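K.L.:
Sequence:
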Amino acid sequence: MNGSDRSVPAVIDKPRNSRSAIWFIAGCLAPAVLLVLVFTYYPMLRGVTMAFQNYTLFDLSDARFVGFGNFKEILDNPQFITALKNSVYWVFFSLICQFVLGFGIALLLKNRFFGRGFYQGMIFFPWAMSGFLIGLIWRWLYNGQIGVINNLLIKIGLIDTPIPFLSSPKWGMFAVITANVWYGIAFFAIMLLAALQSVPEEISEAAEVDGANRLQRLFRITIPYIMPTILTTVILRIIWIMNFPDLIYAMTNGGPAGSTHILATYMMDKIIFGGDYGKASAVGVVMMVVLVLFMVFYFAAARREKAGDF
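Just so it is clear: in the sequence shown, position 124 is 124 by this note's numbering, and no numbers are missing.
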């Protein structure tokens with residue numbers, strides 16, 4: 001009887017303890033959830049709302065609902081179409097070159113050699129720098145009068161007169177993509193080197209004994225083994241490159257004549273010089289739709305990875 005009496009309070013206190021634990025966890029999570037709501041989701045929802053409004057800083061009293069008017073105006077603007085095309089070039093060529101060069105560097109750094117730590121630090125250093133600062137550095141390198149690149153090209157005899165890299169629509173996108181490639185190589189080198197170091201040596205050695213050469217081991221063993229990492233890094237890099245206006249804004253400010261604008265810089269241009277938050281928000285919504293499509297692909301790929309399809 002005494003034993004049963006002692007067990008009653010424990011049974012009664014169990015729901016009470018569970019409720020206390022739930023309230024404790026909720027109290028701990030509340031600040032984080034509040035910060036995310038205030039600084040992420042509220043601005044996003046506010047931006048989506050402004051995309052359907054006539055909202056300019058020069059006439060706030062005329063803020064009104066205009067439906068899809070902002071979207072129609074930006075889609076009819078040739079500069080937006082140019083920015084959309086440039087965004088495709090910007091993402092595609094930057095991504096391909098960054099991946100190929102970064103993967104090659106990761107393969108080289110996987111091998112042990114004297115000074116490998118120093119070379120790793122030198123390669124990874126650009127990733128720690130500000131994108132805007134890198135843009136200013138490359139702007140100086142491309143300068144027509146005092147730029148190092150033109151000076152070297154003239155000295156080795158490839159050109160006779162300086163090339164206007166940043167002031168010519170012909171060379172503008174090439175110049176900014178080259179700078180972005182230099183900046184993004186480090187990301188792929190870091191991520192892929194970590195993945196390569198996880199590949200079991202026994203598998204590669206067994207394939208070598210069976211007569212497989214280096215290319216066969218690379219494409220039939222190494223790449224399939226690290227495919228989940230490759231897929232993840234590529235998708236993440238696509239999203240980051242799409243939302244990376246710092247470098248272009250520092251180098252060309254979208255010029256000359258808007259020839260180097262991507263969607264992100266075009267949106268900033270609408271805000272900084274036009275004060276038109278409505279049209280800028282419409283551009284942002286277009287970018288968000290594109291990125292959502294990438295995210296859908298990313299989650300689908302991650303689901304396949306968990307299912308063991310890779």
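If you are wondering where the hints come from, they were derived from the structure by calculation, not from laboratory data. From a predicted model like this one, the values you see are computed outputs, not experimental measurements. Treat the hints with care, since some could be wrong.
Said to hold, decoys possible - Calculated cross-link-like contacts (lysine to any residue; reagent style SDA-like; alpha-carbon spacing at most 20 Å):
{"hint": "1", "residue 1": "K85", "residue 2": "S204"}
{"hint": "2", "residue 1": "K72", "residue 2": "G275"}
{"hint": "3", "residue 1": "K72", "residue 2": "F93"}
{"hint": "4", "residue 1": "K72", "residue 2": "T49"}
{"hint": "5", "residue 1": "K110", "residue 2": "L193"}
{"hint": "6", "residue 1": "K170", "residue 2": "S204"}
{"hint": "7", "residue 1": "K85", "residue 2": "G67"}
{"hint": "8", "residue 1": "K85", "residue 2": "F71"}
{"hint": "9", "residue 1": "K110", "residue 2": "F125"}
{"hint": "10", "residue 1": "K170", "residue 2": "F93"}
{"hint": "11", "residue 1": "K85", "residue 2": "L101"}
{"hint": "12", "residue 1": "K170", "residue 2": "E202"}
{"hint": "13", "residue 1": "K110", "residue 2": "S204"}
Claimed, not checked - Here are the simulated distance ranges between beta carbons:
{"hint": "14", "residue 1": "L34", "residue 2": "K170", "range": "32 to 40 Å"}
{"hint": "15", "residue 1": "L107", "residue 2": "G67", "range": "50 to 58 Å"}
{"hint": "16", "residue 1": "R303", "residue 2": "E208", "range": "47 to 55 Å"}
{"hint": "17", "residue 1": "T49", "residue 2": "T161", "range": "46 to 54 Å"}
The beta carbon of each residue, even a glycine, is placed where N, CA and C say it ideally should be.
K.L.:
Look at each hint and say if it fits the structure.
P.N.:
Against the structure, the hints:
With a CA separation close to 43 Å, the supplied pair K85 and S204 exceeds the 20 Å bound. As the CA atoms of K72 and G275 are separated by approximately 18 Å, the hinted pair is consistent with the 20 Å bound. As the CA atoms of K72 and F93 are separated by approximately 29 Å, the hinted pair breaks the 20 Å bound. With a C-alpha separation of about 16 Å, the suggested pairing of K72 with T49 holds against the 20 Å cut-off.
Restraint check for K110 and L193: satisfied, since their Cα atoms lie roughly 6 Å apart, inside the 20 Å limit. At roughly 46 Å between alpha-carbon atoms, K170 and S204 are farther apart than 20 Å, so this suggested pair is violated. Our distance criterion of 20 Å between C-alpha atoms is broken by K85 and G67, whose separation comes to about 25 Å. About 17 Å separates the Cα atoms of K85 and F71, which keeps this hinted pair within 20 Å; it holds.
Distance hint between K110 and F125 is fulfilled; the C-alpha atoms sit about 18 Å from each other, no more than 20 Å. At roughly 16 Å between alpha-carbon atoms, K170 and F93 fall within 20 Å of each other, so this suggested pair holds. Proximity of K85 to L101 is assessed by CA-CA distance (about 24 Å); at most 20 Å being required, the pair is judged violated. Taking the CA atoms of K170 and E202, the gap is about 51 Å. The hint is violated against a cut of 20 Å.
The hinted pair formed by K110 and S204 meets the criterion: a straight-line CA distance of about 14 Å does not exceed 20 Å. At roughly 50 Å, the beta carbons of L34 and K170 sit outside the given window of 32 to 40 Å. Taken as a hint, the range 50 to 58 Å holds for the pair L107 and G67, whose Cβ atoms sit roughly 53 Å apart. Restraint check, R303 to E208: a C-beta distance of roughly 34 Å breaks the suggested window 47 to 55 Å.
A beta carbon spacing of about 52 Å between T49 and T161 agrees with the range 46 to 54 Å that was offered as a hint.
Hint violations for this structure: numbers 1, 3, 6, 7, 11, 12, 14, 16, all remaining hints satisfied.
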